[in-house]
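From first to last, the protein sequence lines are chains S and Y.
Per numbering that gives the first Met the number 0, the very first residue in the first sequence carries number 0; after that it's consecutive.
Per numbering that gives the first Met the number 0, the very first residue in the second sequence carries number 0; after that it's consecutive.
Honestly, the hints are just simulated from the structure, not real lab data.
Every value quoted in this text rests on a predicted model; they were computed, and no experiment measured them.
Where hints are given, some of them may not hold.
Stated by the list, open to error - Using C-beta positions, here's what the derived DEER-type ranges look like:
#1 Y:TRP571 - S:THR172: 34 to 42 angstroms
#2 S:GLN57 - Y:ASP265: 27 to 35 angstroms
#3 Y:SER592 - S:ILE145: 51 to 59 angstroms
#4 Y:ILE29 - S:ILE145: 26 to 34 angstroms
What the hints assert, rightly or not - BS3-like mimics (lysine-lysine), calculated; alpha carbons at most 30 angstroms apart, straight line:
#5 Y:LYS614 - Y:LYS216
#6 Y:LYS607 - Y:LYS577
#7 Y:LYS577 - S:LYS20
#8 Y:LYS607 - S:LYS19
#9 S:LYS19 - Y:LYS39
#10 Y:LYS157 - Y:LYS607
#11 Y:LYS216 - S:LYS20
#12 Y:LYS216 - S:LYS19
#13 S:LYS20 - Y:LYS39
#14 S:LYS20 - S:LYS81
Yeah, the Cβ is synthetic: ideal placement off N, Cα and C, and Gly gets one too.
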Amino acid sequence: MEKELKYVDLVEQPISMHPKKFALWLFMVTVVMIFAALTSAYIVRQAEGNWLEYDLPQIFYYTSALVVISSVFLQFAYASAKKDNISNLRLGLLGAVIFGSAFLVGQWYSWVALVDKEVFFVGNPAGSFLYVFTGLHAAHLISGVIFLIIVLISTFKYKVHSQSMNTMEMATTYWHFLGGLWLYLFMFLLLNH
Amino acid sequence: MASATVANHDTAAHDHHDHEHHDNFVTKYIFTQDHKMIGKQFLITGMFWAIIGGFLSILFRLQLGFPDMDMSFLRPILGGWIDDTGALDPTFYLALVTMHGTIMVFFVLTAGLSGTFSNYLIPLQIGARDMASGFMNMLSYWFFFLSGVIMFISLFIKTGPAGGGWVVYPPLSALEQAIPGSGLGMTLWLVAMTFFIASSLLGGINYITTVINLRTKGMSFSRLPLTIWAFFLTAVIGLLSFPVLFAAALLLVFDRSFGTSFYLSDIYIGGEALPNTGGSPVLYQHLFWFLGHPEVYIVLLPALGITSEVIATNSRKPIFGYKAMIISMLGITILSFIVWAHHMFVSGMNPFLGSIFMFLTLIIAVPSAVKVFNYLTTLWRGNLIFTPGMLFSIGLVSFFISGGLTGIFLGNSAIDIQLHDTYFVVAHFHLVMGSASFFGLMAGVYHWFPKMFGRMMDARLGYVHFWLTFVGVYLVFFPMHYIGIAGFPRRYYSWTNFEFANMYTDLNMFVSVAAIITFAAQFIFIFNFFYSMYRGRKATLNPWRSNTLEWTTPLYPGHGNWPGEIPTVYRWPYDYSKPGAEEDFIPQTVPLSATPESNLPHEQEMVKLELEIMKEDEEVLVANESKH
Numbered sequence: 000m001e002k003e004l005k006y007v008d009l010v011e012q013p014i015s016m017h018p019k020k021f022a023l024w025l026f027m028v029t030v031v032m033i034f035a036a037l038t039s040a041y042i043v044r045q046a047e048g049n050w051l052e053y054d055l056p057q058i059f060y061y062t063s064a065l066v067v068i069s070s071v072f073l074q075f076a077y078a079s080a081k082k083d084n085i086s087n088l089r090l091g092l093l094g095a096v097i098f099g100s101a102f103l104v105g106q107w108y109s110w111v112a113l114v115d116k117e118v119f120f121v122g123n124p125a126g127s128f129l130y131v132f133t134g135l136h137a138a139h140l141i142s143g144v145i146f147l148i149i150v151l152i153s154t155f156k157y158k159v160h161s162q163s164m165n166t167m168e169m170a171t172t173y174w175h176f177l178g179g180l181w182l183y184l185f186m187f188l189l190l191n192h
Numbered sequence: 000m001a002s003a004t005v006a007n008h009d010t011a012a013h014d015h016h017d018h019e020h021h022d023n024f025v026t027k028y029i030f031t032q033d034h035k036m037i038g039k040q041f042l043i044t045g046m047f048w049a050i051i052g053g054f055l056s057i058l059f060r061l062q063l064g065f066p067d068m069d070m071s072f073l074r075p076i077l078g079g080w081i082d083d084t085g086a087l088d089p090t091f092y093l094a095l096v097t098m099h100g101t102i103m104v105f106f107v108l109t110a111g112l113s114g115t116f117s118n119y120l121i122p123l124q125i126g127a128r129d130m131a132s133g134f135m136n137m138l139s140y141w142f143f144f145l146s147g148v149i150m151f152i153s154l155f156i157k158t159g160p161a162g163g164g165w166v167v168y169p170p171l172s173a174l175e176q177a178i179p180g181s182g183l184g185m186t187l188w189l190v191a192m193t194f195f196i197a198s199s200l201l202g203g204i205n206y207i208t209t210v211i212n213l214r215t216k217g218m219s220f221s222r223l224p225l226t227i228w229a230f231f232l233t234a235v236i237g238l239l240s241f242p243v244l245f246a247a248a249l250l251l252v253f254d255r256s257f258g259t260s261f262y263l264s265d266i267y268i269g270g271e272a273l274p275n276t277g278g279s280p281v282l283y284q285h286l287f288w289f290l291g292h293p294e295v296y297i298v299l300l301p302a303l304g305i306t307s308e309v310i311a312t313n314s315r316k317p318i319f320g321y322k323a324m325i326i327s328m329l330g331i332t333i334l335s336f337i338v339w340a341h342h343m344f345v346s347g348m349n350p351f352l353g354s355i356f357m358f359l360t361l362i363i364a365v366p367s368a369v370k371v372f373n374y375l376t377t378l379w380r381g382n383l384i385f386t387p388g389m390l391f392s393i394g395l396v397s398f399f400i401s402g403g404l405t406g407i408f409l410g411n412s413a414i415d416i417q418l419h420d421t422y423f424v425v426a427h428f429h430l431v432m433g434s435a436s437f438f439g440l441m442a443g444v445y446h447w448f449p450k451m452f453g454r455m456m457d458a459r460l461g462y463v464h465f466w467l468t469f470v471g472v473y474l475v476f477f478p479m480h481y482i483g484i485a486g487f488p489r490r491y492y493s494w495t496n497f498e499f500a501n502m503y504t505d506l507n508m509f510v511s512v513a514a515i516i517t518f519a520a521q522f523i524f525i526f527n528f529f530y531s532m533y534r535g536r537k538a539t540l541n542p543w544r545s546n547t548l549e550w551t552t553p554l555y556p557g558h559g560n561w562p563g564e565i566p567t568v569y570r571w572p573y574d575y576s577k578p579g580a581e582e583d584f585i586p587q588t589v590p591l592s593a594t595p596e597s598n599l600p601h602e603q604e605m606v607k608l609e610l611e612i613m614k615e616d617e618e619v620l621v622a623n624e625s626k627h
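Next up, chain Y with everything else stripped away, as it sits in the complex (with noise of 0.2 angstroms):
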């Protein structure tokens, strides 16, 4: 049986409380199976994080900029994490970065980002009606938001949150008695993880299973935008890395709370020996980074794809070489299981293994490097529109390549062992993994605000928030490669006692001085955001002129997406400025048929195949009409 019932409601009904479909507050915007309200609540949830995150890294920029700053006037804030000298307690300043680690990874980069848009995009551009289960879905956001909330919690409480750097490698973060961050706070975090891993390994089997089976008529797997690609392919990473953080992070609450000794041995405390014997630290480095590496890709293919969608439409030009992205991010995601102990050069691993990690990691390089590519030559003498997303999207290629070079060196088991843990290494990841991924989240935003409000966010707002952002982020993360290669460890608190460090108080001043604005310039996003969400630019059906399915929805698409049938799909994402077309973009529900003047010979081939279908779904139709 098929119908196309549609029945518009007005919400202003709110007394039919006896129709099944009725959405009341709660189910609307609360509880909702709704991919589309869920991708928004992940957005704001991740924002929100990525506030606090960003806060927290401002914090250890001043006491790294300014060690002898007097900090009491953040007493309201810290209370007594600040001394009675105004000093920053060292304890608590371990706690800082690790929690602006944990949250920027993992609730920012990974639930905001691929939370987001997987779920907002997923059924929208493959054009189905929800995601294959709304109720996981809605699991996945709730198991998330109660992840957030006892990570919160752990911030708060006397001993300070976790404190042994976002990676917890034991002994430090099994020992309760290591440091304060090893008490409850570590506990708390392992908790939250859990929760964490629950909720994207939902969402993930949830997006895997929706690409995979709920693909409407036509569109094929070389048919899909390169943005459902990446987060399937992240998904399909996700799902494989994060039950093995799973095992990793059980082993580690056995370790702390029932005494057994798989990551503990021979460890003395005061003089006083531990009974634990027969662990191996390096056990976990292991286990943790059979995740932490993929996680990478977890956090930057979303961006990625995102990316390819958003500079194939502002340069009106297909994407160049779309098999060779899909094939290149495919390497990725492969080769992203066979390189994690390229972050254990220095474990005192077997150097024969160390140089078979080292060579798996720079064949990265290569898919890497195609993507590279294929964005510039998409760019190259397309007719470019430099739209607030289209700027974003140029910032992480430039991110991903400035920051891509170092991984190059970094990736070198020889050059490793003087680099490893200094600021070289921060400066590497914060561009290459963390502002690139947060530029394709920005990119996004911006790309797909119409979509998700209704309305146009501010273009010269965007203009200002972006040019604010790309230079502050090279600001602050330029100098960071010279510090690291002069020596200064990560995660100290303070260098004031080392005679080489002296010279360099006035880039680490500079440093700070650029991550503070870089932090304040996120506020006027922050104000675009929300102004915009009310008083913006009414929106139009198709405002980038893009191809994708999402854009054929109505202005506010209700639960459903469609209010009719699903449209079908003839060709790919990526006809844009197509030579003989009338206009620069041909929608994919645009059959070749009706666009004889720009086929492609072999394209003249498929319509016939493409009138039998569209008989098909005319005879669909014409079923529905009579069962009425």
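Here chain S stands alone, though its shape is the one from the complex (with noise of 0.2 angstroms):
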């Protein structure tokens, strides 16, 4: 008969990273090279000639600014936890949530734009681009509003703290690589339009 040999083990490994944060960088990657394949295709595309021109939505300068506010006040939240500030740590949570969240809707508002100079998701690809583009990473980014949600819950169970910055670091880190992700989105649209 099989024998299950058990175990409780928990020397130290000889990691300079944490595996889970290490994976989420790894994660990052994945969605940098989705996001390469896409921007390269429009290259491709528009190089190909029958391009639709359009202007491109003033809200975007705004949405951008949304969103580097919202990560301005996640880095206070996380100075705030590393301090063990938990009631600006809140606070700094809550303000990169509904920065994030105004953000969202401001994208939204980018969409009944487009759709008011009369381009639309189904057309020339020119404008599909641009919906694929704000669609795609608003979807990421309402996964870094659910993540950061979690994270400000877990607040309330005092579970976030100087010691314990593992998931804090993490919603950081994936947060703002999302709004630099968004700026670079926005930046390579003002360059190749």
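Mind docking these for me? Both chains are given alone in their own frames, and the hints should help you get the complex.
And the structure:
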């Protein structure tokens, strides 16, 4: 009969980074690859001609500001957590969630603005690409907001403090990454328009 | 706090449900988070798909070898796909080749090979308790399973499974009205592949994290077995290329279901213009092959890694050129991302661009040749032990050479114009990628079966299986080169309308018969596998007298692999037949200080460092003891 071997083993491993944090970085690599593929597809397709020219919605400037502000809030929350200032931590997280959600609403209005300009999802790929970029980015950002809300809830259980920063660090990294990704997409669109 | 408590539980005592570690049937065999069981799940599922994929190929080989055959006897399985005259439905033929390709490339040689051995061997060979995240690992398998269920269902729907070739090029795949296989079958294909991509990424993230973060003491990158190097680089390739396939598939879904025009432009069906305008089908080809070519190496590298390990062990010699092997694999990894357009030489691309891709493609011959050279020099004058695993590894090297050589022809854009989409290409990639990887998979199963199930597979049946398969593969694919040079295009239902095809009727018949025999021979393996699992000879702890860490675990390792401390590693994994040593192998766990008779001068220097590590270890152990 097979014997089951049980163990309790917490020997420190000779590692530099928490495995989950490392896995998050790898996940971000996959997200980068998706957008690298899409943006290079955009360039290749644009070079072939038959490309609809239109102005980018002005609201993108505002939403970019919103996503930067939410990152500032989160950084503030992160610093507060390091100092064990739990109320400021909650404040910062709440601010990040609110501004992150405002960003999502703003992105929705960018679609409204596009429709007003008669640039539709179905039609010339020039417009369709814009919907795919913003939509796919928003999908990732929603996952980020959910992550932040989970961390916010865990602060009420006093699970985030200077001795337990792992989740907070991961949330911060992911959120800054998503903000940076949007800024990249916006720059890309400004330059290749 | 550190402790190494070992408690043995009798699994028969199922009434102790309050114990949190206690596994019931569901957590042990189904929703398991143990990397070893997940590896076995991947293996069994992969075998199931291999049988289906192989069976589909037999069906279309029957059509190709015997175009006038009455296939009514297949009606119990294929039903309406056999018409009243007993002929195979031509659209179903397209679905057969499509599903054969999809199943073999993704479900068998990606999930079945990489999924099985990366999961099973990474923690065991690097000295880890489990993967970095057991939960993600479990999700990886179940996403794969779900993907398989969806693909399986698509085989039985009324319009048939996807039929646009495994590369699913638009516009064929994007327009439902194109062929029956572009309807619901194609939708299910895309849904299944989405889950498959998610599964591969979850697995890949885990493999990379585990290799980087969870190696045991002393297991530096320069002491990793080549299997682990191969799995690691495979995971890196997958991580970088599968998201691109996802992007390509996403745009295809939008084109199919939402009416966008990423890949569609100026198409007339039945004299009526479609509204789509401005799309580019070549765009899809670029995105697809950016995954598609690295995928070749996702399939092949694990097989090459397994071969390195099996050949070194059974030649009783250190692998020749350990560092050169690693550098070649790194080279292949990097090059695999910058050669994709050699699949598109006839897509109307700029010939200058074609020349660049041709040049880059031919460079891959260099690291590949280095690897072949190293396999042969490892075998050279070794004390060869022809276990079934060893035979399959040597078979791999043979296919890698004979199939790789034709790659040099196909990589040339000028020759490729003649050979593109002919049976020459089919012969090339079935040898170098299909059969080579399949042989790597088989070598792995024969070699690690004793570790997986604690019993030995029957060697004699293994030999029969090997020779039938090895000879069979050559009989199937070698003639295809001639058929291809003669101008036979792939994916054609029948050539009976072409005058030139008449003189090759016999050859096609021959290929089909050989394919049926080769397929039948696989059931010897299936029998051997399941029979040996329950009735095989009990294995010893280290049946192949191998150096790597997995053979230091108990015969039936529990969840956690080692009952006590994880062993420390003191040397590289290839100390076979070291001059002066008593035995012809020195496991990685044997300190240099224990083998003064065989140490090389520079190793004698390292003994000092090693004594320090051992002292540290001892302190940890003493600390543990005092805690209890």
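Now the hints, each set against the structure:
no., hint, result
1, Y:TRP571 - S:THR172: 34 to 42 angstroms, "holds (36 angstroms)"
2, S:GLN57 - Y:ASP265: 27 to 35 angstroms, "holds (34 angstroms)"
3, Y:SER592 - S:ILE145: 51 to 59 angstroms, "holds (54 angstroms)"
4, Y:ILE29 - S:ILE145: 26 to 34 angstroms, "holds (28 angstroms)"
5, Y:LYS614 - Y:LYS216, "holds (13 angstroms)"
6, Y:LYS607 - Y:LYS577, "holds (21 angstroms)"
7, Y:LYS577 - S:LYS20, "violated (41 angstroms)"
8, Y:LYS607 - S:LYS19, "violated (35 angstroms)"
9, S:LYS19 - Y:LYS39, "holds (25 angstroms)"
10, Y:LYS157 - Y:LYS607, "violated (72 angstroms)"
11, Y:LYS216 - S:LYS20, "holds (21 angstroms)"
12, Y:LYS216 - S:LYS19, "holds (20 angstroms)"
13, S:LYS20 - Y:LYS39, "holds (28 angstroms)"
14, S:LYS20 - S:LYS81, "holds (17 angstroms)"
Of the hints listed earlier, those the structure fails to meet are numbers 7, 8 and 10, in rising order.
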